[in-house]
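Protein sequences appear in the order of chains A and B.
Residue numbering for the first sequence is 1 to 393, as defined by the numbering used here.
Residue numbering for the second sequence is 1 to 393, as defined by the numbering used here.
The set of hints was computed from the structure by calculation and includes no laboratory data.
Incorrect hints may have been included.
[What the hints assert, rightly or not] A few chain A residues that don't get close to chain B, going by computed Cβ distances all over 10 angstroms:
(1) Thr-110
(2) Pro-116
(3) Leu-123
(4) Val-172
(5) Gly-173
(6) Arg-255
(7) Glu-304
(8) Glu-306
(9) Lys-320
[To be verified] In silico BS3-like pairs for lysine-lysine, Cα to Cα no more than 30 angstroms straight-line:
(10) Lys-111(B) - Lys-68(A)
(11) Lys-320(A) - Lys-320(B)
(12) Lys-73(A) - Lys-320(B)
(13) Lys-68(A) - Lys-320(B)
(14) Lys-359(A) - Lys-337(A)
(15) Lys-111(A) - Lys-68(B)
(16) Lys-111(B) - Lys-73(B)
Glycine included, every Cβ here is placed at the ideal spot set by N, Cα and C.
Number of protein chains: 2
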Amino acid sequence: MVRAGLIRQLGAGLWTYLPAGWRAHRKVEQIIREEMEGIGCQEMLMPVLQPAEIWETTGRYGIEEMFKLEDRKGSPLVLAMTHEECITHHIAREVRSYRDLPLMLFHIQTKERDEPRPRAGVLRTREFTMKDAYSFDRDEEGLRRSYELQTEAYARILDRCGLRWYRVESDVGMMGGSGAHEYMAPCAAGEDAVALAPGFAANVEVTELHDGDPGPSGGTVEVVPAIEVGNIFKLGTRYSEPLGATFLDEEGDERPIVMGSYGIGPARIVAAAIEQGADERGIVWPCAIAPWQVHLVSLAKAGEPEREAADRLYEELREKLGAEVLYDDRDAGAGEKLTDAELLGCPLRIVAGRRGLAKGVVEAGERATGAEHELPVEDAAERALGILQGLHG
Amino acid sequence: MVRAGLIRQLGAGLWTYLPAGWRAHRKVEQIIREEMEGIGCQEMLMPVLQPAEIWETTGRYGIEEMFKLEDRKGSPLVLAMTHEECITHHIAREVRSYRDLPLMLFHIQTKERDEPRPRAGVLRTREFTMKDAYSFDRDEEGLRRSYELQTEAYARILDRCGLRWYRVESDVGMMGGSGAHEYMAPCAAGEDAVALAPGFAANVEVTELHDGDPGPSGGTVEVVPAIEVGNIFKLGTRYSEPLGATFLDEEGDERPIVMGSYGIGPARIVAAAIEQGADERGIVWPCAIAPWQVHLVSLAKAGEPEREAADRLYEELREKLGAEVLYDDRDAGAGEKLTDAELLGCPLRIVAGRRGLAKGVVEAGERATGAEHELPVEDAAERALGILQGLHG
């Protein structure tokens, strides 16, 4: 990701997204947003900086990975790594009656975590963006329905992002509650591990099966590294009770709201998509999250007639057809430009070179399959769009 | 904003955006994004949490409003309130030659500020979202052009958001550099003040003119409160020199990059738009940043035939015509629902009531003008869209 110009390091576990990397990240965010809205989950925004008090109320102020600080008056604050306390604090003041439930809310917000060992890359960082959603229901049956809705949305999100993934049972960890699942994307760079067999997938931390064991439904268990891209929790009343988030039921009795919590990491999805797709020449983006659909390379210098043909193609792709195009019009060698295009891995590379243009064509190459097409200059833009539509399936 | 259900307080100077408020905020962000991209300014993302070191290099580590903290190893960190240090640190490593310039980058990111006196509302908070852009040029003349491009983009942003605003000269303050302007939106709730006269506008801190003085081009100076919604700075080499951001010019000589910095606050734009437009009944949103275009009120209860007509209208507006509709189908009284609609202030309110539906109509009211329309149920959705298009001008 560094080599392809997606990210740059600012400090240990602190990364800046350059424009190409941020475009991919934002595409993942948008897919998440659409799927959350599709299940009636509404977007909001909660602060990163929070009073320590609500964390003391739930007994989580002591979490070692949480950054703690003081303001100029000496009041204790924290940098939130998740938002159960904050959302439950608000819900305790907004929800009164069973008529206000069920309710689902999410935000896409910066998180801070004082990692003991931040690693290279975006997998274990001290600051990252997370989508966290929260569900509020009258009872366990309601929570089961909300959990199911989120599960279906998660499947659509990860499929749309082009990932190979597994949903596995997991430990509730510091969240508490009655059940949890993780979403694992197998790839060599993963820091977690998942045990896979035909019809079976589990986090190695919660299964007693080991690599090479017979699988529960046949086959052999294989333990592979994976990136954890999301996790969902049945919280129950773990937060609503200490923070006083209750509602009046049909009989007028006060009862605690039954909650769920649903996290997903756009940066980890980007990283997993890269790791799963890359070849020895660089990234192979899934179309839906590629920073640009077309990487247009002009091999001519400014002022040469071949350069004008490339300029026109760029305008046509962008203005007329609304395509996302990265235009490499740098004053650099052909080899460098083509290598850079392979490395960045946009789905379609179009090369406007002297030899092709003399024949009236530009060369289009599909990054994923290596398939090459000669496109007549006059309708190159529309032909390119046609190829892209084919790639999107 | 609290009463209309846009925001909720979490702590002193710490606010949560509820879905309605966050929708308006995101609309402003999107307008900013489009206008930045329109001038070739590319989006990226830089961290909030930063090593103290880069701030020591520029001599700004001592800023009292900056939150400071330590990680678990005792290394000093800060929460960034602006990103000159971070972007210049990266640019020093990315830019080598005059061919890499000019360059403009922006991000929309959370900022933290240890305000001595956080006030009620979103004007003076300890956490807020800001768009900050940075320009990088070869010389002062390049900076002048970048500054002009940003100035034009700022005018389009504030016009599109429906604000009355003035651009005034201002002090460079803690930013340093050779010149600065502020964008001021006059309104009673403003914490700044601007001196206005025909053809004249200035921050009261940089002008010697007072309320009642003769204006420089005639008329009388009037000092009015205003919200500062943006500020732009000619930084020059204030940051590039200490952080070593240089480039090689055509002659191969190493020279410091000449920088500009351009901030704008979406939450302040939202607040100013509300303050400038509101009447005694509540918010009157400019169409472009209203959380929803249509506020549909059903006065019937679930199961009643009038409710089904409202349900159908909702689906038609949303699914067929793609309108943004808030549907009030609560089990509440007509008075409460209509008052709430006035308070939230969406551009068009449609009421589906028993009396109207008996005549085959729904009632559409324009929030800004009070104009009322009776729309035949069968083509109410399309008629409503027509009215909205007229409002957008």
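Which of the listed hints are broken here?
1, 2, 12 and 13
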